[in-house]
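Participant: Each chain, letter by letter, is given below.
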Amino acid sequence: MKRYHDIVGDGGSGILEQVAEQRSRITDGLAGVRHLVAVGSGKGGVGKSTLTLHLAGALRARGLRIAILDADFNGPSQARMAGVQGALFVPGSHKVSLPRTKNGIAVFSMGSVIAESEALDFESTASGESHTWRATREFSLLGEILASFEWGALDLLMFDLPPGAERTVQYADFLGPRTSFLLVTIPSEVARGVVARSVAALSKGPNRLLGYVENMSGYYCRDCDAIKPLFVSSDAQGRPADLKIPCLGTVPFDPELARHCDQGFPLADLPNTPVGRALDHVAQQLLDTLEPEPSR
Amino acid sequence: MKFLCVPCDSPMKLQTVGPPDRGSLSIVYSCPECGYEIAMLTNAYETQAVQSLGVRIGPEAPRRSSESEVGSADAGAGCPFASMIPATEDAQRGQVGEPAPVRWTAAAEARLAKVPAFVRPMAKAGIERYARDNGCSEVDEKILEAAREFFGM
Chain L
1 MKRYHDIVGD GGSGILEQVA EQRSRITDGL AGVRHLVAVG SGKGGVGKST
51 LTLHLAGALR ARGLRIAILD ADFNGPSQAR MAGVQGALFV PGSHKVSLPR
101 TKNGIAVFSM GSVIAESEAL DFESTASGES HTWRATREFS LLGEILASFE
151 WGALDLLMFD LPPGAERTVQ YADFLGPRTS FLLVTIPSEV ARGVVARSVA
201 ALSKGPNRLL GYVENMSGYY CRDCDAIKPL FVSSDAQGRP ADLKIPCLGT
251 VPFDPELARH CDQGFPLADL PNTPVGRALD HVAQQLLDTL EPEPSR
Chain G
1 MKFLCVPCDS PMKLQTVGPP DRGSLSIVYS CPECGYEIAM LTNAYETQAV
51 QSLGVRIGPE APRRSSESEV GSADAGAGCP FASMIPATED AQRGQVGEPA
101 PVRWTAAAEA RLAKVPAFVR PMAKAGIERY ARDNGCSEVD EKILEAAREF
151 FGM
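Chain order of the listed sequences is L and G.
75 is the number that this note's numbering gives to position 75 of the first sequence; each next residue is one higher, with no gaps.
103 is the number that this note's numbering gives to position 103 of the second sequence; each next residue is one higher, with no gaps.
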């Protein structure tokens, strides 16, 4: 009797072929992108989205062609921060055009599609069982976005990942080995512990770990013009946990930056501040890590 | 998943897919040798699992993934993504007072079909609003190009 692998095709639908065709469309769509960088953490609330947007802004200011894909479909924040809430998606002759920020960064965010008072929802025939299929559906959606939108020729496509160490690894699997990872932590041992787990998990795969950024590394007091500590960054022996990947820089917390993010103002409005300088330094470190050759 | 006709040792071929019924699909396979037919009846969880892959079930040629949904004959209003689109400004306006209807040329509609189903209603409404704002009652490729330029794309 024939076995599974003796039979070519599945008799009609060509499910595997359809999945392969989806992957091929994604590969084709990203062919013009030089670097794919996923900004993740594992931990939520550490400032992944803020860093993603402002690092993109700092790199854009250097003349690089940048796009951001807000992969946090359930908690998208790039649309508001980048000022593309309610943006229009216009189909071109080949693919769908992406909205851009005032400084020319292309942004896809579900926040452009779904109002903040609404939740992402999928029609389901299996009510109450979303844990069995939801992640698959979300990755299918990510594939559609990658395949359908006009990414074009880019120096850098940045993925703003959702929280969750396991999700971070799932994105690594889905996006493939071309995608490098930049991890974000804060000087809290709890956060560093979660990020350390993400590092451990990602280290088992082929994706390159560019390094990490320590966000909220102190608090910038405008009255004192000084950085004051926010967290005690040490373990029981007084040593910070070693993440075993390079630190690309530290960024202090600045309430003014948070206000800018809420209102969709670019970092260029905060140029000569400690947080602005710190973000610019991290952007340069990221660039040097991605393109160490002097040919740049 | 593949089906084998054991007496003939021959792979069975997909013949028809019935419309979804409370989350269940009826998929008929037949043996090309002896003509024996079987029907695979999925439960809601199985239907959803396949649907989540973004693939199409059926004997016809696969369509683009952005247009495909298990059991949905056409994308758009009836597609599962439609429920993801909140009441947009246009939709709300539509409930209060109907805006002037806007026609789409075949070429413009073909472009619209490239928009993933889940954002298509929003894209359509936004483009029609742009057309109306510019005194046009028809969306053609020139309007689409003008909108791209206007929005800095």
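If you're looking for bench data, these hints aren't it; they were derived computationally from the structure.
One or more hints might be untrue.
[To be verified] Examples of chain L residues toward chain G, derived with CB under 8 Å: (1) Arg65; (2) Ser93; (3) Thr132.
[To be verified] Here are the simulated lysine to aspartate or glutamate pairs, DMTMM-like style, with alpha carbons at most 20 Å apart: (4) L:Lys204 - L:Glu166; (5) G:Lys13 - L:Asp6; (6) L:Lys102 - G:Glu149; (7) G:Lys114 - L:Glu150; (8) G:Lys124 - G:Glu138; (9) G:Lys2 - L:Glu166; (10) L:Lys2 - G:Glu149.
Glycine included, every Cβ here is placed at the ideal spot set by N, Cα and C.
Participant: Indicate, hint by hint, whether the structure satisfies it.
Facilitator: Outcome of the hint check:
1. Arg65: Constraint on L:Arg65 not satisfied, violated at 14 Å.
2. Ser93: holds (7 Å)
3. Thr132: holds (6 Å)
4. L:Lys204 - L:Glu166: holds (13 Å)
5. G:Lys13 - L:Asp6: holds (15 Å)
6. L:Lys102 - G:Glu149: holds (14 Å)
7. G:Lys114 - L:Glu150: Holds, at about 11 Å.
8. G:Lys124 - G:Glu138: Distance of about 12 Å is within 20 Å: holds.
9. G:Lys2 - L:Glu166: Answer violated: G:Lys2 to L:Glu166 is near 32 Å, above 20 Å.
10. L:Lys2 - G:Glu149: Status violated; Cα separation ~58 Å.
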